[in-house]
Amino acid sequence: MGALPVKTARLLRQMLTHAFLSLSAVLVLIPFYWMAGTSLKPSAEVERVPPTLFPGHFRWANYIDAIRQAPLLTYLLNTIIVGIAVAAVGTIITVLSAYAFARMHFPGRQTLFFTVLAMMMIPQEMLIITNFRTIAEFGWMNTWQALIVPFWVNPFNIFLLRQTFMQIPDELYWAAKVEGMGHFRYLTRVMLPLSRSTVAVTVIFTMIWIWQTYAWPNLVTTKDELRLVSNGLQNAFTNSVGTIEYELQMAAAMLVTLPLILLFLLLRKPILSGMIHGGIKG
Amino acid sequence: MLKKYDLVAYLYLLPAFVFLGIFAFYPLISTLITSFKSDFQFLTGHYAGLDIRHYAEIFRDPVFLRALGNTCFIAFVCVPATMLIAFVLALGLHALRRTQGLYLTIFYLPQVTNVIAAGLVFSFIFNTHFGLANMVLGWFGFDPVAWISGEGIVGSRARYLEAYARCLFVLFVYTVWDGLSLQVLLFLGGLKNIDRQYLDSAMVDGANRWRLVRHIVLPLLSPTTLFIFVTSVIFSFRAYAHVVAMFGPSYGPPGDNSKMMITLVGYIMDALGDYLEPGAVSRAGAAAVTLVLMVMVVVLLQFTLTKRWVHYR
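Protein chains in written order, with the numbering used here: chain L, 21 to 302; chain X, 28 to 340.
Warning: the hint list may mix true and false statements.
The following residues of chain L were derived to be distant from chain X, with all beta-carbon distances above 10 Å [as the list claims (entries may be wrong)]:
1) P25
2) G76
3) W80
4) Q89
5) T94
6) P189
7) L192
8) V223
9) D244
10) E245
11) L246
Covered stretches of chain X, going by a simulated chain L footprint (3 or more residues, C-beta under 8 Å) [stated by the list, open to error]:
12) 92-103
13) 270-278
Lysine-lysine pairs mimicking DSS-like chemistry, simulated, CA-CA at most 25 Å apart [stated by the list, open to error]:
14) X:K219 with X:K334
15) X:K31 with L:K197
16) L:K289 with X:K31
No wet-lab data here; the hints were simulated from the structure. Positions of the beta carbon are idealized from the N, C-alpha and C atoms, including for glycine.
Can you make the complete structure from the sequences, with help from the hints?
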């Protein structure tokens, strides 16, 4: 200690920090690189030992072949339809209950809110067993409803939006009340415009949630026309269909992954700051 | 002061609680009851009686114990390792100004990558012949490793354990890659909440960086750390889809017939898949109740520890 001059020590530390961070970033990016690289290699090149780090020439036709092998575009469209249907109704439900918990006084508020919080802890998979039966009894097997309705309530989104609503000062409400505004008008005219970015974040989280969901759709749909991306990808491009053509598998993985990544890159600012600041306060 | 209640609140909460009731509260209780019904038949609803037969059954089932072991490996080996890396990354990021956003964007990417796609990519990276991992090992003169392979494991305990260790390593790498994203963000959020005054005054007192981290940052960050640990552990109890993508629908490398890499949720899904067989759904229920009990233990641990040693400002 103390052998190095302070300035040199600081410079050294900064260089080490940058080296560590960029090394980690590269490691995180490697799977994306390997996926993209493989998706463009001709079949013969994929089976070369040792593999090539960079495709010899780009074979874009892999993407067309992947779409021919399975109705990937249908899967993507289905996922978007389900995502929008879940977000549309789910957001209304989230906004209404988040507002009630944040702004209204009523007997049982603590208990009901605690119940919602507790539901955040219960793994969805625990509920699947009975929900499977419920859906069968409703006659909803192989329907859109089965993929949409059970996702309408998201306790985490309610929690997140309530946190944002609570940061809006009460004085605004009293002022609005003097002007004759009721709860509903106050919510739609004042609260919602002020909390736009959190609402957007909950919509994005819903999209991510639907994009990643695998177990439930696998259980309640058997028809190809209703498959979501995760199930379609797992069913059509793994060795259950014979030998794996890795270049097609990776092209399909790219097609399934890119839309969500692009959406994230477009909206990364509100998402990241929502996670940093809204994460644990309260 | 006279307080007027907003009874209209119940109307606002109605939609949420109707759907929570149908798809969360009812199944929670129903699954609990189902787990005690012996020889429960899914289609007719008939059952022989109420007992703990199916709990005894799953805890004697080697596949269930394997599922329990693998799930605990993810929760209590992979998660702490990820947290350590995420903490160091967040410390580094906290010192940055301009490039912080770029790094955060990169670290967040696994969150928005389809879980099956990611699993398939990892499986291919660790492919024995055409994979990137073995190519890199080759650069340093190492022989290729058969990462996901169950060759010759059927008769030999030692070969089985070796194959298992290699598959656990692949699972470990995936879990760290996938888990880092959220944890870095949450740690960074926690660091941003620490008042700069504490750090500045300690610096004035001549504390070096390690002691600063050890005696000031870590204690002040302990609520965040505990929160990250608990949420990550609960989340990791649900590991399923990526395991299917990496190791296939039979949860093991080719050549394995023991469901080597199965997780608790995998066990539940498999039992549920056999719903025509009497008792299978109760086994799924018993496994699901075990899962919920594990979650409750972790949450209780959080409450106890919060009272004990978490420093709140």
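Name the hints, by number, that the structure is in violation of.
Per hint list: 12 and 16 violated.
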